[in-house]
Amino acid sequence: MAVFRWRHSWGNLRDLEREFDRLLESIKMPFPGLRLERQYPPVNVYELDEEFLLVAELPGISPENLDLTVAGGILTLKGERRGPEGILDDRFRRHERLRGKWQRQLTLPERVDEERLSAEFVNGVLKIHLPKLPTVKPRHIPVVGGES
Amino acid sequence: MSEPEATPVPPAPVPPTGMTTQPVPAQSQSTAPVPERTVFMPPIDIYDSDEGLVLLADLPGVTIESLEIQVQDNRLTLFGRVNPALPTEARLLHQEFEWGDFLRSFILSDEVDHDRITAKLNHGVLEVVLPRATKTAPRRIQVNKE
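Chains F and V, in that order, are what the protein sequence lines are.
9 is the number of the first residue of the first sequence in the numbering used here; add one for each residue after it.
176 is the number of the first residue of the second sequence in the numbering used here; add one for each residue after it.
Isolated chain V, as found in the complex (with noise of 0.2 Å):
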């Protein structure tokens, strides 16, 4: 059995329930007070195929301009933000779910070419491929006298 070539961590301030109340990183930090808004961590598939591994994530509600993917040390990290898009006068009578923002990181292993990272988001899922790193051939170093 070899490694996984991406292994999903939990992201860093967010306990392992997976689910927390965190500010809005980045961007938003402006003089105006940060809202809390929810963070889920999204349910993810990852499978083999033959150019390399593809990632799936539910991510509904997320649009290419809000979703932001970063491969940064080995660590590949999606941040999905959702604006529910209702109208101010919309009154709750029943809730099953709750509207958040979406956040997982994972670890990329050295088989993965982190240059060719591809990304599509269909349907509010996310897919990722993470092509194989082409395996270089061995060269031989030529030795000379001094």
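Bound-form chain F, shown alone (with noise of 0.2 Å):
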């Protein structure tokens, strides 16, 4: 997971910056890993005393269209956000939202109970509750002595 921290003075800078995805996303670009760290959809996490929990925006999939799978602490998060049905692009007088296919993998935080994972998509909103294992109690070796 590409770790880029923002802080809350820099949010115009980031708002500009969101400008300039969108542009360049109309351009053909000929390295098209140049912004390798902007990554779709955006996530947040946040640690509970519980879970580790994921959020991420994602407005306009329907549940039928994400596709969320979990392997080896690697969680895929697939979908693809259609444009109206039969309207032609030149029918558009303002285009800004994303469009397309998309996929994510994100990196599980370690002591994570894989089996238990569990997803509410709520308002466009996606957020995934990754319980936490629980922490392994250190356990006792005997030590036996060989008679000398």
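Some clues are possibly wrong.
As the list claims (entries may be wrong) - In silico DMTMM-like links for lysine to aspartate or glutamate, alpha-carbon gap of 20 Å or less:
(1) Lys-135/F / Glu-273/V
(2) Lys-109/F / Asp-75/F
(3) Lys-140/F / Glu-264/V
(4) Lys-140/F / Glu-128/F
(5) Lys-109/F / Glu-88/F
(6) Lys-86/F / Glu-55/F
(7) Lys-310/V / Asp-223/V
(8) Lys-310/V / Glu-286/V
(9) Lys-295/V / Glu-122/F
(10) Lys-135/F / Glu-264/V
(11) Lys-310/V / Asp-285/V
(12) Lys-135/F / Glu-88/F
Unchecked claim - Far from chain V, by Cβ distances over 12 Å, these chain F residues were calculated:
(13) Ala-64
(14) Glu-65
(15) Leu-76
(16) Thr-77
(17) Ala-79
(18) Ile-82
(19) Thr-84
(20) Gly-91
(21) Arg-102
(22) Gln-113
(23) Asp-121
(24) Leu-125
(25) Arg-147
(26) His-148
(27) Val-151
(28) Val-152
Because the hints were derived from the structure by calculation, they are not lab data.
Note that the Cβ used here is the ideal one computed from N, Cα and C, for glycine as well.
Take the two lone chains, each set in its own frame, and fit them into one complex as the hints suggest.
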């Protein structure tokens, strides 16, 4: 997961960056990996007492179009944002919303119980609950001394 | 080329960069200090359909109850409040987006029938239909003798 922390005072700059990204996306770039750190969808991660909480903004995705899989500590989110049915591009007067297929892979934090992952999707916000595994208690190892 | 019927305008208190921090308008002007909230300009699409113009806006986290749509003096304003609904104990480990409310306004032309504007919210996307005003047929005015 690319860690990119923004301070609040950088908010305006970040928004400007977003605008630039939108611009760049409309231009065919010879190096598609140029802005690798900006991945879709944006994700926030929170730690709670019993679980980690992963939150992603995914407006316009219906639960049926969203594919979540987990394997070997990697969580994969996949989906597609479609434009309105049967509307040709030349009927658009303004086009700012992202469209198309997207995929994102995230490395799960350690000590997560993959079997008990759950997700809820409300009003375009996806919340994935990653329950923590119970902390392993230190186990005493009996030491057997040989007769000398 | 005809004039677009809905022209997005930067809302008055918001600088053109599209994002600012300002106190929440209306309602919450009670005695309690108003917390500063971030306001974003949501991305939109506008396209022509058979019934008129359709406006789509990405408003993740906005509910029907927290969304206000207003038409006043040819200006259509969307304001969506976002409640992240996170448990109080939640501690941020990694951040790629900020929580905030959504605000954007548009200038409507006379071609839009203001009384028949409809809106629906679906999975965080607002769809506003702006029907074309039916052109009134020319009416002959009878001139009478005094």
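Now for the hints, and whether the structure bears them out:
Annotation: proposed proximity of Lys-135/F to Glu-273/V holds, straight-line Cα distance about 15 Å (limit 20 Å). At roughly 12 Å between alpha-carbon atoms, Lys-109/F and Asp-75/F fall within 20 Å of each other, so this suggested pair holds. Taken as a hint, the Lys-140/F and Glu-264/V pair is honoured in the structure, with Cα atoms around 15 Å apart against an allowance of 20 Å. This hinted pair checks out: Lys-140/F and Glu-128/F have alpha carbons roughly 18 Å apart, not beyond 20 Å.
Note on Lys-109/F and Glu-88/F: the hinted pairing holds, with a Cα-Cα distance of about 4 Å set against a maximum of 20 Å. Distance restraint check for Lys-86/F and Glu-55/F: the Cα-Cα separation of roughly 23 Å exceeds the 20 Å cut-off, and the hinted pair is therefore not satisfied. The suggested pairing of Lys-310/V with Asp-223/V holds, with an alpha-carbon distance near 17 Å, which does not exceed 20 Å. The suggested pairing of Lys-310/V with Glu-286/V holds, with an alpha-carbon distance near 9 Å, which does not exceed 20 Å.
Restraint check for Lys-295/V and Glu-122/F: not satisfied, since their Cα atoms lie roughly 37 Å apart, outside the 20 Å limit. Taking the CA atoms of Lys-135/F and Glu-264/V, the gap is near 16 Å; set against the 20 Å cutoff, the hint holds. Simply put, Lys-310/V and Asp-285/V have alpha-carbon atoms about 11 Å apart, close enough for the 20 Å limit, and the pair holds. Between Lys-135/F and Glu-88/F, the direct Cα distance comes to roughly 18 Å. Compliance with the 20 Å bound is thereby established for this hinted pair.
Distance check on Ala-64/F: its Cβ comes as close as 9 Å (rounded) to a Cβ of chain V, failing to clear the 12 Å threshold; non-interface status is violated. At roughly 4 Å from the closest C-beta of chain V, the C-beta of Glu-65/F falls inside 12 Å, breaking its exclusion from the interface. Residue-level check passed: Leu-76/F sits 16 Å from the nearest beta carbon of chain V, beyond 12 Å. Non-interface status of Thr-77/F relative to chain V is upheld: no Cβ of that chain comes within 12 Å, the nearest being about 21 Å off.
For Ala-79/F, the shortest C-beta to C-beta distance to chain V comes to about 21 Å, beyond the 12 Å cut-off, and the non-interface label holds. Against chain V, the non-interface label of Ile-82/F holds: every CB pair exceeds 12 Å, the least being about 16 Å. Non-interface status of Thr-84/F relative to chain V is upheld: no Cβ of that chain comes within 12 Å, the nearest being about 17 Å off. Non-interface call for Gly-91/F relative to chain V: violated, since the shortest CB-CB distance, roughly 8 Å, does not exceed 12 Å.
Its closest Cβ contact with chain V, about 4 Å, brings Arg-102/F to no more than 12 Å, contrary to its assignment away from the interface. Separation of Gln-113/F from chain V is adequate, the least Cβ-Cβ distance of about 14 Å exceeding the 12 Å criterion. For Asp-121/F, the shortest C-beta to C-beta distance to chain V comes to about 18 Å, beyond the 12 Å cut-off, and the non-interface label holds. Chain V leaves Leu-125/F outside its interface by the beta-carbon criterion, the shortest separation being 17 Å against a cut-off of 12 Å.
Once the 12 Å rule is applied to beta carbons, Arg-147/F is consistent with being away from chain V; the minimum gap is 29 Å. Every Cβ of chain V is farther than 12 Å from the Cβ of His-148/F; the closest lies at roughly 33 Å, confirming the non-interface assignment. No beta-carbon of chain V comes within 12 Å of the beta-carbon of Val-151/F; the shortest separation is about 40 Å. Distance check on Val-152/F: its Cβ is at least 44 Å (rounded) from any Cβ of chain V, clearing the 12 Å threshold; non-interface status holds.
When the structure is compared with the earlier hints, violations turn up for hints 6, 9, 13, 14, 20 and 21 and for no others.
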